[in-house]
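Residues per chain are reported as follows:
There are 2 protein chains.
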Amino acid sequence: MNKSGHLWGIGVGPGEPGLLTLKALEILKDATVIMAPRASSRDESAALQIVKEWVDEARLRIYGFPMTREPDSLAGCWREVADEVAALVEKGEKVVFLTLGDALTYSTFNYILQQLENKIPPERVTTIPGVTSFAAAAAAQNFPIVCGEELMAVIPLPDGPLARVRGLVRESDTVVFMKIGDRLEELLEFVNEEFPDREAVFASRVGTPGQYLCRDLTQLPEGVKGYLSVMIVRKAGKKS
Amino acid sequence: MNKSGHLWGIGVGPGEPGLLTLKALEILKDATVIMAPRASSRDESAALQIVKEWVDEARLRIYGFPMTREPDSLAGCWREVADEVAALVEKGEKVVFLTLGDALTYSTFNYILQQLENKIPPERVTTIPGVTSFAAAAAAQNFPIVCGEELMAVIPLPDGPLARVRGLVRESDTVVFMKIGDRLEELLEFVNEEFPDREAVFASRVGTPGQYLCRDLTQLPEGVKGYLSVMIVRKAGKKS
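As they're listed, the protein sequences go chains A and B.
Using my numbering, you'd call the opening residue of the first sequence number 1 and step up by one each time.
Using my numbering, you'd call the opening residue of the second sequence number 1 and step up by one each time.
FYI, nobody ran anything at the bench for these hints, they're computed from the structure.
Keep in mind it's a predicted model, so treat the numbers as computed, not measured.
Mixed in with the good hints there might be a few duds.
Only pairs whose alpha carbons sit at most 30 angstroms apart, straight line, appear in this in silico DSSO-like list of lysine-lysine [claimed, not checked]: (1) K29(A) x K29(B); (2) K3(A) x K119(A); (3) K91(B) x K179(A); (4) K52(B) x K3(B); (5) K52(B) x K29(A); (6) K91(A) x K52(A); (7) K52(B) x K179(B); (8) K235(A) x K119(B); (9) K235(A) x K235(B); (10) K91(B) x K119(A); (11) K235(A) x K91(A); (12) K3(B) x K29(B); (13) K94(A) x K29(A); (14) K235(A) x K179(B); (15) K225(B) x K52(A); (16) K3(A) x K52(A); (17) K179(B) x K91(B); (18) K179(A) x K179(B); (19) K94(A) x K235(A); (20) K52(B) x K94(B).
Which bits of chain A does chain B cover? Going by a derived footprint, with three or more residues having C-beta under 8 angstroms, they are [what the hints assert, rightly or not]: (21) 19-33; (22) 209-215.
Glycine included, C-beta positions come from ideal geometry on N, C-alpha and C.
Kindly produce the complete structure, drawing on both the sequences and the hints.
The structure is reproduced here in structure tokens:
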């Protein structure tokens, strides 16, 4: 194995190029290969958008983003991408794998890490953490997420009914809802039931030109969608 | 009120200067006043350490960090700091308030925001999000925090018995424990009970010269302390 080969999984933050870390930018500039998914994947091409001013086409390697949710085919797709990454590292390339938000929080890099086990030595893999979409959504509206001893839950909307996460919601002071997709109305109903007294923010495509922010959930205009969105709900009176 | 006055709450990340964001650095360089707590506060002087290469003494304003946990005195202390900030902004200063990690996740800036209400107009306050200690702790060990539909809880150790957070722990797939302080042994016992099968990482002072990382909780040497530490525990078999 060529000595210089290395993989960096980089969390590029949720949308605004300024939220890239100094370290991520340094590594990105020095990389020989930058892996990004085909633009057909809505969420993931956003990661490339964020860093595009520093990425020339010659270093860019586009991979096919899995279009399935079936666990076995999904694992197969990620195995192919991981095999490509491993081969590049073996050849001595300095490979960057871009992910939106933080690199290990609901990110595609988690799948790559799992598939790379035993394929390249762990000392050749480095993860660079990033700013999450919920930290940016809160910041854009000066909204305290959690204070003091408050308890926080992060909930990607489950496949089934939202009632599945009711237990977690009730045990928490602040809840961050992610992966809202086309279920914003259903989520609003659930939040109205569970948090009759609350402070909340909603943010969609935070830090991008298409950003939408809203602090009053009752004022969310019809037609607002949950893609690349996050909702943070805090039980009222929780100002410790 | 002088037109140029503005306040930026900046999350500087958990310890490594390279985890500062591009935007945070730009604002920091342009600021006329940089607020940091007296070094007697262990956690908070760490924020100044991270950015010290960009901060000259002339711009630095040291404030007294509240040494009380009594809610009323605490609010009084933060009110004094907020009053100082408000007066600076009114005079036209570009004020940066430093916080460790993310700016709104268990941060002192939350208290400042609350105390500033009605003191300076909201459009004169900007929050810059940062990388959390748990994202950095996971990254330092290539440890996936949450995948797919997994549920996550963030728990600062409560004042009382840990049993108080048992409900939340049981509803979650991954739990991040913060503010461990001198209760690491008690936490380990609790984690052994609640997560007989698990993957876990512990990190102390991540990204600083005093960094300590550990992936096997049974191997934590005696004498390791929980200050500026984080433990992430993931239920085993949760690789979606």
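Results of checking the hints against the structure:
no.: 1; hint: K29(A) x K29(B); result: holds (22 angstroms)
no.: 2; hint: K3(A) x K119(A); result: holds (15 angstroms)
no.: 3; hint: K91(B) x K179(A); result: violated (43 angstroms)
no.: 4; hint: K52(B) x K3(B); result: holds (28 angstroms)
no.: 5; hint: K52(B) x K29(A); result: holds (25 angstroms)
no.: 6; hint: K91(A) x K52(A); result: holds (25 angstroms)
no.: 7; hint: K52(B) x K179(B); result: holds (24 angstroms)
no.: 8; hint: K235(A) x K119(B); result: holds (24 angstroms)
no.: 9; hint: K235(A) x K235(B); result: holds (27 angstroms)
no.: 10; hint: K91(B) x K119(A); result: violated (59 angstroms)
no.: 11; hint: K235(A) x K91(A); result: violated (53 angstroms)
no.: 12; hint: K3(B) x K29(B); result: holds (19 angstroms)
no.: 13; hint: K94(A) x K29(A); result: holds (11 angstroms)
no.: 14; hint: K235(A) x K179(B); result: holds (22 angstroms)
no.: 15; hint: K225(B) x K52(A); result: violated (42 angstroms)
no.: 16; hint: K3(A) x K52(A); result: holds (28 angstroms)
no.: 17; hint: K179(B) x K91(B); result: violated (37 angstroms)
no.: 18; hint: K179(A) x K179(B); result: holds (29 angstroms)
no.: 19; hint: K94(A) x K235(A); result: violated (46 angstroms)
no.: 20; hint: K52(B) x K94(B); result: holds (18 angstroms)
no.: 21; hint: 19-33; result: holds (count 7)
no.: 22; hint: 209-215; result: violated (count 0)
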